[in-house]
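Asker: Protein chains in written order, with our numbering: chain V, 1 to 104; chain D, 1 to 191; chain X, 1 to 463; chain L, 1 to 377.
Honestly, I wouldn't trust all of these hints.
Taking lysine-lysine pairs in the DSSO-like style, the calculated list, with each CA pair at most 30 Å apart, reads [unchecked claim]:
id	chain 1	residue 1	chain 2	residue 2
1	X	K100	X	K72
2	L	K350	X	K175
3	L	K150	X	K72
4	L	K60	L	K304
5	X	K100	X	K175
6	X	K72	X	K104
7	X	K175	L	K38
8	X	K104	X	K175
9	L	K38	L	K350
Simulated DEER-style distance windows between Cβ atoms [stated by the list, open to error]:
id	chain 1	residue 1	chain 2	residue 2	range
10	D	L20	X	L101	30 to 40 Å
11	D	A17	X	M422	46 to 56 Å
12	X	D387	D	S168	23 to 33 Å
13	L	L19	V	D97	28 to 38 Å
14	L	R143	X	L60	34 to 44 Å
15	V	V72	X	L52	35 to 45 Å
Some chain X residues close to chain D (C-beta under 7 Å, calculated; not the full set) [to be verified]:
id	residue
16	I149
17	L152
18	F153
19	L155
20	A156
21	I160
22	V166
23	W170
24	S185
Keep in mind that the hints were calculated from the coordinates and are not lab data.
Ideal Cβ positions, reconstructed from N, Cα and C, are used throughout, including at glycine.
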Amino acid sequence: MLTTVLTISGLMFALGVAGVLTRRNIIVIFMAIELILNAANLNFVAFSRYWASIGGISPHTGEVFAVFVMVVAAAEAAVGLGLVIALYRNRGTVSVDDIDLLKW
Amino acid sequence: MYPDLQSSPWFLGAVIAFGLWAVATGSVVITAQRPVHAALALVSALMAVAGLFAVLGAEFLAGAQVLVYVGGVMVLFVFVIMVVGGGRKTAEVEPVSGVRFLAATVVVLVIGGSIVLGARSAQPAFELRPGPRAAASKDAVRAGVSRNTEDVGTDLYTRAALPFEVASLLLLVAIVGAVVLAKGRRVEQDD
Amino acid sequence: MSGPIALHWAPQAASPPPPPPVVPSWSPVELIESIGVPHGFAEYVVWPAVQLALILFVVLTAVAYLTYLERKVAAFIQARLGPMRVGPVGLLQPLADGLKLLSKEDLVPAGADRFVYLAAPVLAVTAALGLLVLVPFGAAWGTVTDINIGLLFLLAVASIGVLGIVLAGWASNSKYALLGAMRSSAQLVSYEVALGLALVGPLLFARTLSMQEIVESQRFTGLWWVAVQPLAFVVYFIGSLAETNRAPFDLPESESELVAGFHVEYSGFRWSLFFMAEYANIIITSAIAATVFLGGWSMPGLETAVSWIAGTDATTPLYSTAFTLLSIGVFAGKVLVLVYVVMWVRWTLPRYRYDQLMDLGWRWLIPVSLANILISAFAFLVAMRPDQGGLLGLVEVTKNGLWMGWAGTAYFLLVNLATFAMAAWLLAKLNKTAWSTDLHALRRVEALRRAGRLATAEEARAE
Amino acid sequence: MASDTPSAAAHVFEQTEMLLNMGPQHPSTHGVLRVLLKLDGETVVDLDCDIGYLHRGVEKICEHDTYPMITPYFDRLDYVAAVNGDLVYVEAVERLMGVELPRRAEYLRVILAELQRIASHLLWLATHALDIGAATIFLYAFREREEILKIFENFTGARLTAHAFRIGGLQWDANPEFVRDVLAFLDILPGRIDEYETILSENRIWLARTVGIGVLTAADAIDTGLTGPVLRGSGVAYDVRRAAPYSVYPEFDFEIPTGDTGDTYDRYLVRMQELRQSVRIVRQAIEGLPEGSVMAARVPRVIKPPAGEVFHTNESPKGEIGVYLVSDGTNTPYRLRVRPPCFVNLQALKQLAVGHLVADVVALIGTIDIVLGEVDR
Numbered sequence: 001m002l003t004t005v006l007t008i009s010g011l012m013f014a015l016g017v018a019g020v021l022t023r024r025n026i027i028v029i030f031m032a033i034e035l036i037l038n039a040a041n042l043n044f045v046a047f048s049r050y051w052a053s054i055g056g057i058s059p060h061t062g063e064v065f066a067v068f069v070m071v072v073a074a075a076e077a078a079v080g081l082g083l084v085i086a087l088y089r090n091r092g093t094v095s096v097d098d099i100d101l102l103k104w
Numbered sequence: 001m002y003p004d005l006q007s008s009p010w011f012l013g014a015v016i017a018f019g020l021w022a023v024a025t026g027s028v029v030i031t032a033q034r035p036v037h038a039a040l041a042l043v044s045a046l047m048a049v050a051g052l053f054a055v056l057g058a059e060f061l062a063g064a065q066v067l068v069y070v071g072g073v074m075v076l077f078v079f080v081i082m083v084v085g086g087g088r089k090t091a092e093v094e095p096v097s098g099v100r101f102l103a104a105t106v107v108v109l110v111i112g113g114s115i116v117l118g119a120r121s122a123q124p125a126f127e128l129r130p131g132p133r134a135a136a137s138k139d140a141v142r143a144g145v146s147r148n149t150e151d152v153g154t155d156l157y158t159r160a161a162l163p164f165e166v167a168s169l170l171l172l173v174a175i176v177g178a179v180v181l182a183k184g185r186r187v188e189q190d191d
Numbered sequence: 001m002s003g004p005i006a007l008h009w010a011p012q013a014a015s016p017p018p019p020p021p022v023v024p025s026w027s028p029v030e031l032i033e034s035i036g037v038p039h040g041f042a043e044y045v046v047w048p049a050v051q052l053a054l055i056l057f058v059v060l061t062a063v064a065y066l067t068y069l070e071r072k073v074a075a076f077i078q079a080r081l082g083p084m085r086v087g088p089v090g091l092l093q094p095l096a097d098g099l100k101l102l103s104k105e106d107l108v109p110a111g112a113d114r115f116v117y118l119a120a121p122v123l124a125v126t127a128a129l130g131l132l133v134l135v136p137f138g139a140a141w142g143t144v145t146d147i148n149i150g151l152l153f154l155l156a157v158a159s160i161g162v163l164g165i166v167l168a169g170w171a172s173n174s175k176y177a178l179l180g181a182m183r184s185s186a187q188l189v190s191y192e193v194a195l196g197l198a199l200v201g202p203l204l205f206a207r208t209l210s211m212q213e214i215v216e217s218q219r220f221t222g223l224w225w226v227a228v229q230p231l232a233f234v235v236y237f238i239g240s241l242a243e244t245n246r247a248p249f250d251l252p253e254s255e256s257e258l259v260a261g262f263h264v265e266y267s268g269f270r271w272s273l274f275f276m277a278e279y280a281n282i283i284i285t286s287a288i289a290a291t292v293f294l295g296g297w298s299m300p301g302l303e304t305a306v307s308w309i310a311g312t313d314a315t316t317p318l319y320s321t322a323f324t325l326l327s328i329g330v331f332a333g334k335v336l337v338l339v340y341v342v343m344w345v346r347w348t349l350p351r352y353r354y355d356q357l358m359d360l361g362w363r364w365l366i367p368v369s370l371a372n373i374l375i376s377a378f379a380f381l382v383a384m385r386p387d388q389g390g391l392l393g394l395v396e397v398t399k400n401g402l403w404m405g406w407a408g409t410a411y412f413l414l415v416n417l418a419t420f421a422m423a424a425w426l427l428a429k430l431n432k433t434a435w436s437t438d439l440h441a442l443r444r445v446e447a448l449r450r451a452g453r454l455a456t457a458e459e460a461r462a463e
Numbered sequence: 001m002a003s004d005t006p007s008a009a010a011h012v013f014e015q016t017e018m019l020l021n022m023g024p025q026h027p028s029t030h031g032v033l034r035v036l037l038k039l040d041g042e043t044v045v046d047l048d049c050d051i052g053y054l055h056r057g058v059e060k061i062c063e064h065d066t067y068p069m070i071t072p073y074f075d076r077l078d079y080v081a082a083v084n085g086d087l088v089y090v091e092a093v094e095r096l097m098g099v100e101l102p103r104r105a106e107y108l109r110v111i112l113a114e115l116q117r118i119a120s121h122l123l124w125l126a127t128h129a130l131d132i133g134a135a136t137i138f139l140y141a142f143r144e145r146e147e148i149l150k151i152f153e154n155f156t157g158a159r160l161t162a163h164a165f166r167i168g169g170l171q172w173d174a175n176p177e178f179v180r181d182v183l184a185f186l187d188i189l190p191g192r193i194d195e196y197e198t199i200l201s202e203n204r205i206w207l208a209r210t211v212g213i214g215v216l217t218a219a220d221a222i223d224t225g226l227t228g229p230v231l232r233g234s235g236v237a238y239d240v241r242r243a244a245p246y247s248v249y250p251e252f253d254f255e256i257p258t259g260d261t262g263d264t265y266d267r268y269l270v271r272m273q274e275l276r277q278s279v280r281i282v283r284q285a286i287e288g289l290p291e292g293s294v295m296a297a298r299v300p301r302v303i304k305p306p307a308g309e310v311f312h313t314n315e316s317p318k319g320e321i322g323v324y325l326v327s328d329g330t331n332t333p334y335r336l337r338v339r340p341p342c343f344v345n346l347q348a349l350k351q352l353a354v355g356h357l358v359a360d361v362v363a364l365i366g367t368i369d370i371v372l373g374e375v376d377r
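Pulled out of the complex, with its shape left as it was, chain V reads as follows (with noise of 0.2 Å):
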């Protein structure tokens, strides 16, 4: 049970990485990112389960950091985001082989 679990979080993360590899919209990007921290999120909800049926001190910890992760999230949508709109204005572009400078 927990194994298809984390097959399922395994592929997620692997599509999410594969995204962060080949795409060059900023944006799609960063959704990728969210595919990434969601499986990451699912490991720990799945193996928070797996810690309360082998009897762990709190069930729940994995819950706790997946709220973190998602707190994470929302931070770096924000900003994250941001920027986008930022460099955007600037640059009139949101393909990353275009923003390939530290200064401008």
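Add chains D, X and L to chain V, keeping to what the hints say.
Answerer: Just chains D, X and L, lined up with the frame of chain V:
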């Protein structure tokens, strides 16, 4: 909600169904030509993950997932896509035709394959069990209603109180950052 | 019952809290089982399906008749008659409208993102109708299901509806629709915050997210949470107007500026789907308000009324049926009153401007609801029994909910009225321009602000 | 914004701007006005009015019609204030011909013109409030306007293009119920105006939407050539009824309300006051209505004003409406030119709107109170 569900074949079936859904829509996310379609697919994938959470007994997390991701983060994404003109297909520069697809496949196969193999080789004794149920604790008003929210809340505010504060600080910084980024635009216009 | 008491002076806290109120035990599942359907199947498949079909039928009819009601209310307010021609006093008007809309052509504008354009209204209406599963329409078997994250789930799924609106506006390939979508996304995301925070206050008292238990908690305490959380109720109501795109917050579709905003390009059935979603959302936000603040299906005297009809034996089918139907009636009554207020507001007030709407949300509703949470939580802590971590012992946390005597009730009423007054005063100090009953002062302050505005307009012209 | 031409070139700020066509088919442009908005987000950066969708060439047509035939065209300039349009034309011709009118005719003309002003202001209130989102005021104002239209229908046979004036007086005397109807209407109207003000004047949202929106200083307003309530809202007490009195206006006691800041709210207050002042004028006129004929004694059957020219202006509900008339002694004018208040006032829109939001543009179009029939002619 129904304690006997997790040991039933329905449980495994639900996990697999949600998992397939998540993986299928997840692959649409990275292959869709228009960002807005990718965003829609991501919404779908996130819902599937929320479904997985719910099946695994993390109901609070499922609700938070939909509320935070779909209602908040994804609306932001769609908003930004609208601002930067997401209708147009993104120009993907490919040195060699099809190399991108090839790379994606290789990545998925290598990373995904190794993770899956690793998971498969894990101990078969791993068994998922539901968290503490209301049926066991007489405190809840209604038998059968999971105490997941209460438990996560207790954990969050006792054992994880410090990380919780740190996370709230992070959110504050993010808000300030977003405000600064948004303000920067007006400064540009004035000069 | 009461533990070691140090600073304990509340006269009635010594008396043990009452047993939980009666909930009828019979359910139609037994009826279904009696014709030979296996237990699990009857309880988890057949009966919910029957309930869902009933609810969908009733709610969709209600949605259709809300449009009729809206027009009648508007007509009543505007000193005219409203629909009168189709059927007696226009009662068949929704039917005629529906037929007309169904027979219209389903247009897709040129250059639109076809898939998103066609899917958006479905998304909006699915999110709205999906919520119905969790609305506690009545006691006992009047509710489809009750999950432990009920309220959270309602808010979460309601937020999906935003995506439908935003995507509809974006996919229409029209500037008016795009502006509507932009407004909508910003508006709904900000007001969701205020809405969610406003609900935290009553949750302190209900101590659960499950919709049924929220009702039961009010039934047990004998108090509707609006009495102890008036501020939260006001914030929630304003926020729900904005969430459902109702005037004075109907900016995403404001017909005088954006023509029809996000659904300007839609026609026929897809257009009516948006309206279905809007009215279903009104029903649902009103239902949440009724559940969380107004006691849901509970009503003082409900049990007495049931016992007149069906005696006092809570296990009989008659008792259960009478109880359920009466409670559904009570709930529907509360929701209708709220819906009427929503319509009344719409036909009375002018529309806010976009920036003023944001201003109201961020500078008023969110600070107010945050302050409300803070003060309520503090007051709650102070009032709890000493052995449960409090000080005064006015309120006792029992396994069935909160138990407070008249002293506790009076205490919370006072605290929350004080909160109300304090919040109003403080925010009046903070937002001088926005809150002043002295209109002349308001105009003077505006004149100063205008000086700044004039300068920029001058610059803009100079360019 | 999703600009139409996503040129990747480094037009940094061009990318944030969006062109929005408001009208000619738009619920808030009060007819077939097309406003071309250049927006940054929702802020108006630039604005251009495109007019002429309703152009009929009225002034040219008038050169081919006899003098009495021309009056109906003036009904249809400002078609919500037909009487005022008629009045300025017939008065211009009468001035050219030197006709002296019987006092009853003058009084009836003033009554009709002021009722028409009330009707026009009610229509303005209705649409202006509707633009800002207060839908119910619309029907309230129309309810009262309906009463005026009924009076007009009784008097002239037409509701919208009420047409009773003839060169040299009125076509008919008032119908027997006229005085009673007008008095009954005057009794209810002040209470109803109070009702509108209850809903709007101290409504927080209404204030937020109008106070400080579209500020026009007195100097700017005069420079732009604005007249009527738009000018008076900026604090200039210029009213043709006082500045260059015509008809029997000097005989009536009324005030000219002015604003002080020149914003949309001031213009709103000015018009609401004007409603009350018009009620005063009509009441005085009805009470002092003389008996006698309604047609001047010596008006020739074929009207041929002596060769010459005249420029005559009136205070229409929208502002100063003027007629420049050149006669060559024949039965058709040599040249006729209208100074339309709406056309001139519309110029101010850009001045008012730049720097405000889209939602304010509709409020500003409403506050200028234009009628495209008159703008385009």
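Asker: Against this structure, judge whether each hint is valid.
Answerer: Against the structure, the hints come out as follows:
Straight-line distance between C-alpha atoms of X/K100 and X/K72 comes to about 20 Å, which keeps the hinted pair within the 30 Å bound. Proximity of L/K350 to X/K175 is assessed by CA-CA distance (about 21 Å); at most 30 Å being required, the pair is judged to hold. Taking the CA atoms of L/K150 and X/K72, the gap is about 26 Å. The hint holds against a cut of 30 Å. For the given pair, L/K60 sits about 19 Å from L/K304 by alpha-carbon distance, which is consistent with the 30 Å threshold.
Pair hint X/K100 plus X/K175 holds up; C-alpha atoms about 27 Å apart against a cutoff of 30 Å. Of the pairs offered as hints, the one joining X/K72 and X/K104 holds, with about 25 Å between alpha carbons and a cut-off of 30 Å not exceeded. Between the alpha carbons of X/K175 and L/K38 the distance comes to roughly 12 Å, so the proposed pair stays at or under 30 Å and holds. Distance check on the hinted pair: X/K104 and X/K175 sit about 24 Å apart at the alpha-carbon level, within 30 Å; holds.
For the given pair, L/K38 sits about 11 Å from L/K350 by alpha-carbon distance, which is consistent with the 30 Å threshold. Between D/L20 and X/L101 the CB atoms are about 37 Å apart, so this pair conforms to the stated range of 30 to 40 Å. For the pair D/A17 and X/M422, the beta carbons lie near 52 Å from each other, so the given range of 46 to 56 Å is met. Against the hinted window of 23 to 33 Å, the Cβ-Cβ separation of X/D387 and D/S168 comes to about 31 Å, which satisfies the hint.
The beta-carbon spacing between L/L19 and V/D97, approximately 30 Å, falls within the hinted interval of 28 to 38 Å. Our hint of 34 to 44 Å for L/R143 and X/L60 holds, since their Cβ atoms are close to 36 Å apart. The hint said 35 to 45 Å for the Cβ distance between V/V72 and X/L52, and at roughly 38 Å that hint holds. Because the closest C-beta pair between X/I149 and chain D is about 4 Å apart, less than 7 Å, the hint holds.
Hint status for X/L152: holds, given a least beta-carbon distance of 4 Å to chain D, under 7 Å. About 5 Å separates the beta-carbon of X/F153 from the nearest beta-carbon of chain D, less than 7 Å, and the hint is met. Below 7 Å, beta-carbon pairs count as interface contacts, and X/L155 has one with chain D at about 6 Å; its hint therefore holds. A cut of 7 Å between beta carbons decides the hint on X/A156: the least distance to chain D is about 4 Å, and the hint holds.
For X/I160, the suggested interface contact is upheld, since its CB lies about 5 Å from the closest CB of chain D, less than 7 Å. Hint on X/V166 holds. Least Cβ distance to chain D is approximately 5 Å, under the 7 Å limit. A distance limit of 7 Å between C-beta atoms decides the matter here; for X/W170 the minimum to chain D is near 5 Å, and the interface restraint holds. The restraint placing X/S185 at the interface with chain D holds, with a minimum CB-CB distance near 5 Å, inside the 7 Å limit.
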